[in-house]
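Number of protein chains: 2
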Amino acid sequence: MKERDFIQNKKLTMQKLEKAKKEGKVDKDIIPILDIMNSYDEFYTSSSCYGRIVLLELPELGDKKNAKWLGKWHRTIKSKELLDAFDKANKGMLWLLSQSPIIHVFAKDLSAADKLVKIAVSCGFKHSGFKTVDKNIIVELSSTERLDSPIGSDKTLFYNKENIDFLVDVANDVFEKSNKKLMKLKDRL
Amino acid sequence: MKERDFIQNKKLTMQKLEKAKKEGKVDKDIIPILDIMNSYDEFYTSSSCYGRIVLLELPELGDKKNAKWLGKWHRTIKSKELLDAFDKANKGMLWLLSQSPIIHVFAKDLSAADKLVKIAVSCGFKHSGFKTVDKNIIVELSSTERLDSPIGSDKTLFYNKENIDFLVDVANDVFEKSNKKLMKLKDRL
Numbered sequence: 001m002k003e004r005d006f007i008q009n010k011k012l013t014m015q016k017l018e019k020a021k022k023e024g025k026v027d028k029d030i031i032p033i034l035d036i037m038n039s040y041d042e043f044y045t046s047s048s049c050y051g052r053i054v055l056l057e058l059p060e061l062g063d064k065k066n067a068k069w070l071g072k073w074h075r076t077i078k079s080k081e082l083l084d085a086f087d088k089a090n091k092g093m094l095w096l097l098s099q100s101p102i103i104h105v106f107a108k109d110l111s112a113a114d115k116l117v118k119i120a121v122s123c124g125f126k127h128s129g130f131k132t133v134d135k136n137i138i139v140e141l142s143s144t145e146r147l148d149s150p151i152g153s154d155k156t157l158f159y160n161k162e163n164i165d166f167l168v169d170v171a172n173d174v175f176e177k178s179n180k181k182l183m184k185l186k187d188r189l
Numbered sequence: 190m191k192e193r194d195f196i197q198n199k200k201l202t203m204q205k206l207e208k209a210k211k212e213g214k215v216d217k218d219i220i221p222i223l224d225i226m227n228s229y230d231e232f233y234t235s236s237s238c239y240g241r242i243v244l245l246e247l248p249e250l251g252d253k254k255n256a257k258w259l260g261k262w263h264r265t266i267k268s269k270e271l272l273d274a275f276d277k278a279n280k281g282m283l284w285l286l287s288q289s290p291i292i293h294v295f296a297k298d299l300s301a302a303d304k305l306v307k308i309a310v311s312c313g314f315k316h317s318g319f320k321t322v323d324k325n326i327i328v329e330l331s332s333t334e335r336l337d338s339p340i341g342s343d344k345t346l347f348y349n350k351e352n353i354d355f356l357v358d359v360a361n362d363v364f365e366k367s368n369k370k371l372m373k374l375k376d377r378l
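In order, the protein sequence lines correspond to chains A and B.
Heads up: the first sequence begins at 1 in the numbering used here, then just goes up one per residue.
Heads up: the second sequence begins at 190 in the numbering used here, then just goes up one per residue.
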């Protein structure tokens with residue numbers, strides 16, 4: 001891709017990002033990191049997620065289209081919050097997910113992109129790599145921690161109260177561990 | 190990397206692979222796919238996993254070094270097999286994992302690598318991408334299905350018999366879905 005196109009695309013993407021920020025559509029806590037990345041001429045960020053804990057209801061495995069989001073939090077949670085969200089369950093598999101941050105970055109050239117991947121990996125984002133190097137060079141920064149747990153079905157939880165506390169602790173732990181890595185990355189950029 | 194080096198490295202890696210095959214150290218069912226990939230001059234495969242269901246005991250979250258493998262299967266399982274493996278539990282968190290296949294491929298050049306990633310993504314390996322494009326070009330083919338579920342602690346399971354059946358069904362379903370993608374990829378190569 002020509003440098004002129006990269007600069008032009010960055011400009012357009014940054015305008016969209018500023019608009020999304022104003023509309024509260026960007027995870028608040030990830031904004032400082034996006035701002036640092038976007039301050040470099042070599043990069044601009046695309047879709048990103050700060051990490052999240054999610055309670056999903058799925059009609060069947062992998063049927064994300066018809067998934068119902070019963071709860072979504074970009075922070076650690078309390079058992080009561082999970083149980084309140086569970087009250088909205090109706091029919092289908094219940095999954096608790098704790099997902100670590102994902103940041104997509106467009107890079108001007110391969111060497112800048114490779115450097116970014118190496119820094120991210122050294123901060124613990126071990127799943128980082130290039131999504132494509134064809135027309136655009138897109139890097140995905142992501143970590144390995146996650147929880148993908150079927151915790152109930154058709155309005156019934158598999159866990160008793162005590163085990164729910166344990167499960168929520170694990171979900172929070174996953175969230176916190178990966179967010180520590182994000183802070184480390186922020187310092188290294 | 191120079192073409193001569195690529196050819197030389199491929200030769201060495203293929204010798205190691207043949208040795209590992211003879212020693213039964215390569216997941217049997219993934220061999221036909223590796224063989225097809227390695228038949229192309231542009232590629233050679235590195236570490237790969239056919240996908241697996243695993244019962245792990247972890248002293249604490251993320252402490253993989255001290256993880257105890259209570260059970261590991263490169264196939265679907267029955268509840269009884271999981272419970273038999275669970276009998277070996279002692280102390281720590283119990284996790285049931287169902288992991289989809291991962292194949293690492295060295296590519297001769299970027300355009301061949303990009304083509305491979307695009308084919309893999311079109312077969313459902315949506316997490317595929319480049320690990321590095323520096324000295325070597327390494328592609329990782331991987332899918333999104335997975336189960337990472339804390340199912341017990343200190344010799345106690347959170348699930349009753351019926352729920353264990355449900356959980357094992359989900360683990361098997363994850364395994365089968367991602368392996369169907371692998372067959373699709375095999376046909377497309």
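Warning: the hint list may mix true and false statements.
Claimed, not checked - Not everything, but these chain B residues come out facing chain A in the computed CB check (under 8 Å):
| hint | residue |
| --- | --- |
| 1 | Gly213 |
| 2 | Val306 |
| 3 | Arg335 |
| 4 | Ser338 |
| 5 | Ser342 |
| 6 | Phe355 |
Said to hold, decoys possible - Just a sample of chain A residues kept apart from chain B, beta carbon distances all over 12 Å, derived:
| hint | residue |
| --- | --- |
| 7 | Val117 |
| 8 | Lys126 |
| 9 | Asp134 |
| 10 | Asn163 |
| 11 | Lys177 |
If you are wondering where the hints come from, they were derived from the structure by calculation, not from laboratory data.
Just so you know, even glycine gets a beta-carbon here, dropped at the ideal spot from N, CA and C.
Numbered hints the structure breaks, given as an ascending list:
Of the numbered hints given earlier, those the structure breaks are 1, 7, 8, 9, 10, 11, listed in rising order.
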